[in-house]
Amino acid sequence: MVEIKFNQELFDNHIEIISKSIYNLFLNIEYDGLEEETIECLNYIFENINPILSANTTELKKYIDNFEKKYPNSLKDGVELNKILRNELFEKEYNNWGGRSTYGAYSFVQVLDLKTCPYCNRNYTFVVNDETGKLRPEIDHFHPKSIYPFLAMSFFNLIPSCSICNHTKSNTVKNNLDNPYDINNSNYRFTYTPKNIEFSVVEKEKYNFDSFEIEIRGNKSNIVLFKLKQLYEQHKDIVLELLIKKAYYPQSYIKELSEFGFSQDEVYRYLFSNYNQNDDLHKRPLSKLIRDISDELGLT
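Here the sequence shown is numbered in UniProt numbering, starting from 1 and rising by one per residue.
Simulated from the structure, these hints should not be mistaken for lab results. All values reported here derive from a predicted model rather than from experimental measurement. All C-beta atoms in this analysis are idealised placements derived from N, C-alpha and C, irrespective of residue type, glycine included. Please note that a few of the clues may not be correct.
Distance condition first, Cα-Cα at most 16 Å in a straight line; then the derived EDC-like pairs of lysine to aspartate or glutamate [said to hold, decoys possible]:
1) Lys5 to Glu88
2) Lys20 to Glu47
3) Lys83 to Glu37
4) Lys245 to Asp295
5) Lys70 to Glu40
6) Lys245 to Asp292
7) Lys83 to Glu30
8) Lys5 to Asp182
The calculated label-pair distances, taken between Cβ atoms and stated as ranges, are [to be verified]:
9) Arg269 to Lys220: 27 to 37 Å
10) Asn95 to Asn7: 16 to 26 Å
11) Lys83 to Thr172: 16 to 26 Å
12) Gly99 to Phe260: 21 to 31 Å
13) Asp210 to Ser21: 47 to 57 Å
14) Thr58 to Glu16: 20 to 30 Å
15) Gly99 to Asp210: 45 to 55 Å
16) Tyr23 to Asn66: 30 to 40 Å
Kindly produce the complete structure, drawing on both the sequences and the hints.
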């Protein structure tokens with residue numbers, strides 16, 4: 001729905017700190033008596049921990065294919081290798097990271113500075129971390145850590161999200177889902193569809209919730225999984241307000257505001273209490289909906 005901007009400094013910091021922490025966890029593993037596949041997999045991970053942690057969205061899928069073929073027990077719940085990966089390495093590190101005071105989940109989300117859920121752009125993802133207490137968004141594993149424990153701390157697999165989207169997605173595995181790091185804001189587009197021909201008459205009285213539908217164009221897998229169509233139907237009031245503004249805000253009025261020295265972005269913020277630039281769409285809930293519809297109506 002909205003793109004997560006890559007943060008190089010955060011990425012470098014994550015790889016450096018997490019790799020050292022996982023290396024330390026390896027020191028506590030007792031290799032005597034372990035199965036051959038377990039030893040081979042652990043040696044492979046030890047030698048490739050940095051590439052695994054830094055794998056981009058395409059490389060994450062390649063690691064999944066590689067582990068499925070070479071180390072199938074890594075994906076089998078309850079067997080020796082899977083238990084070690086979860087309980088002694090990656091999930092253990094993830095749980096430790098969640099409460100770490102230096103570089104932990106709170107600082108990760110705070111530095112990433114994503115203001116709304118990238119899956120839906122409906123809910124804020126603010127962080128509170130002070131003497132009064134702590135509060136942060138949930139962190140979704142794009143590839144579920146319960147199925148792929150070796151990716152539990154990979155940077156591009158950690159997606160701050162609202163609780164609704166995180167719980168909706170849960171342990172779902174779909175190869176054609178869009179990772180928010182891969183999303184271009186033009187990949188998804190909101191539009192509205194009139195239900196009758198009289199809708200074209202620009203009169204406030206002609207507009208009501210039943211006179212139009214909200215449509216979303218984009219990756220169908222994301223739209224269906226996160227129930228975006230159904231959820232955004234609950235926001236028809238926002239689109240209705242834009243339709244009314246179209247009727248009562250002539251282009252001459254918008255041009256007049258510009259002549260007072262306001263930039264186009266400032267005029268947009270004044271009229272719609274919203275952000276217009278792609279890089280800013282994450283800063284406010286429903287900003288993608290408002291920007292797309294207002295653009296379609298010729299209000300921008």
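Here's how the hints hold up against the structure:
1. Lys5 to Glu88: With Cα atoms ~32 Å apart, Lys5 and Glu88 exceed 16 Å; violated.
2. Lys20 to Glu47: holds, 13 Å
3. Lys83 to Glu37: holds, 13 Å
4. Lys245 to Asp295: holds, 12 Å
5. Lys70 to Glu40: holds, 9 Å
6. Lys245 to Asp292: holds, 15 Å
7. Lys83 to Glu30: holds, 13 Å
8. Lys5 to Asp182: holds, 10 Å
9. Arg269 to Lys220: 27 to 37 Å: holds, 33 Å
10. Asn95 to Asn7: 16 to 26 Å: holds, 23 Å
11. Lys83 to Thr172: 16 to 26 Å: Roughly 23 Å apart at Cβ, these two residues keep to the hinted range, so it holds.
12. Gly99 to Phe260: 21 to 31 Å: Since Gly99 and Phe260 have Cβ atoms about 51 Å apart, the given range 21 to 31 Å is violated.
13. Asp210 to Ser21: 47 to 57 Å: holds, 56 Å
14. Thr58 to Glu16: 20 to 30 Å: For Glu16 against Thr58, whose Cβ atoms are near 23 Å apart, the range 20 to 30 Å holds.
15. Gly99 to Asp210: 45 to 55 Å: holds, 49 Å
16. Tyr23 to Asn66: 30 to 40 Å: For Asn66 against Tyr23, whose Cβ atoms are near 21 Å apart, the range 30 to 40 Å is violated.
Figure legend: structure checked against the earlier numbered hints; hints not met, in rising order: 1, 12, 16.
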